[in-house]
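J.: What follows is the residue order along each chain.
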Amino acid sequence: MSNPSSETPLLDELLKGRWPSFVKEMKEMADTKPMVRDVLRQLEKSYVDKKTHWKHGGIVGVKGYGGGIIGRYSDSPEEFPGAAHFHTVRVNQPAGWFYNTQALRDLCEIFDKYGSGLTNMHGSTGDIILLGTTTDELEPIFSALTEKGWDLGGSGSALRTPSCCVGPARCEWAMFDCLDICHDITHHYQDEIHRPAFPYKFKIKVSGCPNDCVSSIARADFSIIGTWRDHIRVNDEEMTRYVANGRNPINDAVLLCPTRAIEWDGKKIKIDNENCVRCMQCINAYPRAIKPGLDRGATILIGAKAPIVQGALFSSVLVPFMKIEEPYDEVKELLESIWDVWDDHGENKERIGELVERMGKGEFLEKIGIAPDVQMVIHPRENPYIFYDEFYEEEDDATANK
Amino acid sequence: MNVRKTDIGCPDYKQFLPPVILENYGKWDYHEIPRPGVMLHVGESGDKLWSVRVGSPRLLSVKSILYFCDIADKYCDGFLRFTSRSNVEFMTVHEANIEPMIKELEGEGWPVGGTANSASNVIHTQGWVHCHTSATDASGLVKCVMDELYDDFTHHSLPGRMKLAVACCLNMCGAVHASDIAILGIHRRPPKVQKENLAKYCEVPTTIAACPTGAIRADILNGEKTLQINESQCMYCGACYTACPKLPIADALNDGLSIWVGGKCANARSVPRFTKLVVPFIPNNPPRWPEVVDAVRTIVNVYKAHGKPWERLADMIDRIGWARFFKLTGFEFTKYHIDDYKLATKSYNASTHLRF
Chain A
1 MSNPSSETPL LDELLKGRWP SFVKEMKEMA DTKPMVRDVL RQLEKSYVDK KTHWKHGGIV
61 GVKGYGGGII GRYSDSPEEF PGAAHFHTVR VNQPAGWFYN TQALRDLCEI FDKYGSGLTN
121 MHGSTGDIIL LGTTTDELEP IFSALTEKGW DLGGSGSALR TPSCCVGPAR CEWAMFDCLD
181 ICHDITHHYQ DEIHRPAFPY KFKIKVSGCP NDCVSSIARA DFSIIGTWRD HIRVNDEEMT
241 RYVANGRNPI NDAVLLCPTR AIEWDGKKIK IDNENCVRCM QCINAYPRAI KPGLDRGATI
301 LIGAKAPIVQ GALFSSVLVP FMKIEEPYDE VKELLESIWD VWDDHGENKE RIGELVERMG
361 KGEFLEKIGI APDVQMVIHP RENPYIFYDE FYEEEDDATA NK
Chain B
403 MNVRKTDIGC PDYKQFLPPV ILENYGKWDY HEIPRPGVML HVGESGDKLW SVRVGSPRLL
463 SVKSILYFCD IADKYCDGFL RFTSRSNVEF MTVHEANIEP MIKELEGEGW PVGGTANSAS
523 NVIHTQGWVH CHTSATDASG LVKCVMDELY DDFTHHSLPG RMKLAVACCL NMCGAVHASD
583 IAILGIHRRP PKVQKENLAK YCEVPTTIAA CPTGAIRADI LNGEKTLQIN ESQCMYCGAC
643 YTACPKLPIA DALNDGLSIW VGGKCANARS VPRFTKLVVP FIPNNPPRWP EVVDAVRTIV
703 NVYKAHGKPW ERLADMIDRI GWARFFKLTG FEFTKYHIDD YKLATKSYNA STHLRF
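Chains as they are written, first to last, in the working numbering: chain A, 1 to 402; chain B, 403 to 758.
Derived from the structure by calculation, the hints contain no laboratory data.
Please note: incorrect hints may appear among the correct ones.
In silico lysine-lysine, BS3-like type, Cα no more than 30 angstroms apart, as pairs [unchecked claim]:
| hint | chain 1 | residue 1 | chain 2 | residue 2 |
| --- | --- | --- | --- | --- |
| 1 | A | K349 | B | K450 |
| 2 | B | K416 | A | K27 |
| 3 | A | K24 | A | K63 |
| 4 | B | K429 | A | K270 |
| 5 | A | K332 | A | K63 |
| 6 | B | K476 | A | K291 |
| 7 | B | K602 | A | K63 |
| 8 | B | K505 | B | K476 |
| 9 | A | K16 | B | K465 |
| 10 | B | K744 | A | K267 |
| 11 | B | K748 | A | K201 |
| 12 | A | K332 | B | K744 |
| 13 | A | K16 | B | K706 |
| 14 | A | K24 | A | K50 |
| 15 | A | K24 | B | K678 |
| 16 | B | K678 | B | K744 |
| 17 | A | K201 | B | K678 |
| 18 | A | K63 | A | K201 |
| 19 | A | K148 | B | K465 |
| 20 | B | K416 | A | K201 |
| 21 | B | K627 | B | K597 |
| 22 | B | K505 | B | K465 |
| 23 | B | K627 | A | K349 |
| 24 | A | K201 | A | K291 |
| 25 | B | K706 | B | K744 |
| 26 | A | K45 | B | K465 |
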């Protein structure tokens, strides 16, 4: 039998260099698993002819679920029989991506027994990914996972697995309990996650503050980003200590404040709170001396997506401030009113951001029952093509309507 | 008899939080970064928690995960977490554990870094490793780029944070559209329809419905149903290939990479913004993609030389202007850099603010 390492001369070039090598990870499993050896050989072929050798072409899944498994097949199954089917299993991660070693060891044992033993920690949406198993192993792996308390994540035109930043577990800037709401929403909407019934995918990402460590504003159809309404808290003593240690608040805060809302006279920090846009710069620079206020909640934004189809979008403001408190009814009511409008008006493969764009944000707001707010736009409209709902007909008595 | 369990959802995160986190949950006071790759969080209680951040290739074998478990059992009372950028974080309340843990991890080839003003680990997609619509291999590109930026990951060598991403096609599973530096795989030609016997392999109506732009229409060949593609309507997403294997989109001649810069997600200082095109096309050159690595190195060097403290790449370019950025990097400005999609005129310079 040939030595597997000699079968992949191009990939072997990626064993060199200081950064950890994914080829090394794959080779470690290839020694004992013929399927991984064939996937590596197929990948080597891609490196030779510069194109992928995977195809999709088939719906696979577990009983009663419409998602969570992504079908993946080799386009050259005769050449690479071990890679003939090599499906992805998305496992719903715990909120905040915290683990104990026992739980990870359980997952490893399951992935090793029923699949390739290769993972992504984690996929872009946040799930734990088992990178490959066969159709026959899907039901057994699902049973083994649920036995240990794990379930599948979302795929297809469904609610995708919600994710959140590290939040109050290890960050002083979390403006609400990101982990708890992420966990709560995930459990509340199991049906929406596991049985695709939407026009297209729908992602929820939760960041505890405007630093947005899970890129919610760029990647989530429904972005929950922490903020506060009252005054920033300042501790001049701590600031003096920073300065004594060589820091310069003029350079690190005053000159970088986007609205020139902060001053430093050498002794005291002064903040024009009405003009503060909660950008976090001064807080990021001086965590011990400058802290967010205490009237905390989140800004809800809607509509982010990557380019396909109508172009990339960021989420934009839908609710400037909302208190985020158990049992999160206000968030759930908002979500469901959005889904109702999307269900009625969304086209196949139309993300919510594209529907808002097509419909117009003004009309969308009316449909979900939210009043327009000037903070939802960067500026009022520039074009005069206004379609007025209110006007008089000839026969109306205009003065009578007053 | 076993009852089949469904819809149990994810496990409760609380069981995975170390005791010090449970005690200080929501009551952290501040944090510091005592050295690259190490964060110190201090609770209002005075409790201290150190986190050691380790870069991973995202694609991990169970053997590596079990190794991480061994480290966590030895130094972190059996707890660990992962970050949104595929780093592993080892948390401990024992300051004395940090140096030996780092030594052990680095000894096994795991880089410690990725905090504050360092190059981040690279958000990326599956590529040729496991995707059917990929125009390139994401994992290979990441490996080559991070080999080059290794010292920028392990040191606070940059003016501000630098977040990198690779997506292997326009679907952007890796959301590269808001990163400081983004490498984006691109197809330049529509799928080639293998018209013969197509209906034997594919459901024609499903495939037509799969196209997000409505570019696919039914056709007849030798009296049998097949498909045709309106090429000018195709955006190279590969959704049709997902539904029908007779529509392969991969094209070794025309697939390759593009490079984009100046996106950000954080609201700090300036508002979030999209990446902008700087290099329209680089052919795939596996296994080491030297042209891509050179372009990234060029951008990072310009950022290092010209960025001011705290500035993200986007902030720096705001200040020095795109003309100077192209001059400093030496990238050629072409007609492909000028937007021609919806709202393109918003990106035209309608002023006399120019730099000479």
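J.: Each hint needs a verdict: does it hold in this structure or not?
T.: Hints, one by one, checked against the model:
1. K349/A <-> K450/B: violated, 48 angstroms
2. K416/B <-> K27/A: The hint is violated at about 35 angstroms.
3. K24/A <-> K63/A: Status violated; Cα separation ~35 angstroms.
4. K429/B <-> K270/A: Status holds; Cα separation ~25 angstroms.
5. K332/A <-> K63/A: holds, 28 angstroms
6. K476/B <-> K291/A: violated, 35 angstroms
7. K602/B <-> K63/A: Holds, because 27 angstroms separates the two Cα atoms, which is no more than 30 angstroms.
8. K505/B <-> K476/B: Holds: K505/B and K476/B sit about 13 angstroms apart, inside 30 angstroms.
9. K16/A <-> K465/B: Holds - the C-alpha atoms of K465/B and K16/A are around 20 angstroms apart, at most 30 angstroms.
10. K744/B <-> K267/A: violated, 51 angstroms
11. K748/B <-> K201/A: holds, 29 angstroms
12. K332/A <-> K744/B: This hinted pair is violated, its Cα atoms lying about 33 angstroms apart.
13. K16/A <-> K706/B: Status holds; Cα separation ~26 angstroms.
14. K24/A <-> K50/A: holds, 21 angstroms
15. K24/A <-> K678/B: violated, 34 angstroms
16. K678/B <-> K744/B: holds, 15 angstroms
17. K201/A <-> K678/B: holds, 26 angstroms
18. K63/A <-> K201/A: Holds - the C-alpha atoms of K201/A and K63/A are around 21 angstroms apart, at most 30 angstroms.
19. K148/A <-> K465/B: Roughly 20 angstroms separates the two Cα atoms, so the pair holds.
20. K416/B <-> K201/A: Since the Cα atoms of K416/B and K201/A sit roughly 28 angstroms apart, the hinted pair holds (cutoff 30 angstroms).
21. K627/B <-> K597/B: OK: K627/B and K597/B at ~9 angstroms, within 30 angstroms.
22. K505/B <-> K465/B: Status holds; Cα separation ~20 angstroms.
23. K627/B <-> K349/A: holds, 25 angstroms
24. K201/A <-> K291/A: Given pair K201/A, K291/A is violated - Cα atoms ~37 angstroms apart, limit 30 angstroms.
25. K706/B <-> K744/B: violated, 34 angstroms
26. K45/A <-> K465/B: Roughly 25 angstroms between the alpha carbons, so the hint for K45/A and K465/B holds.
Hint compliance for this structure: hints 1, 2, 3, 6, 10, 12, 15, 24 and 25 are not met, and every other hint is.
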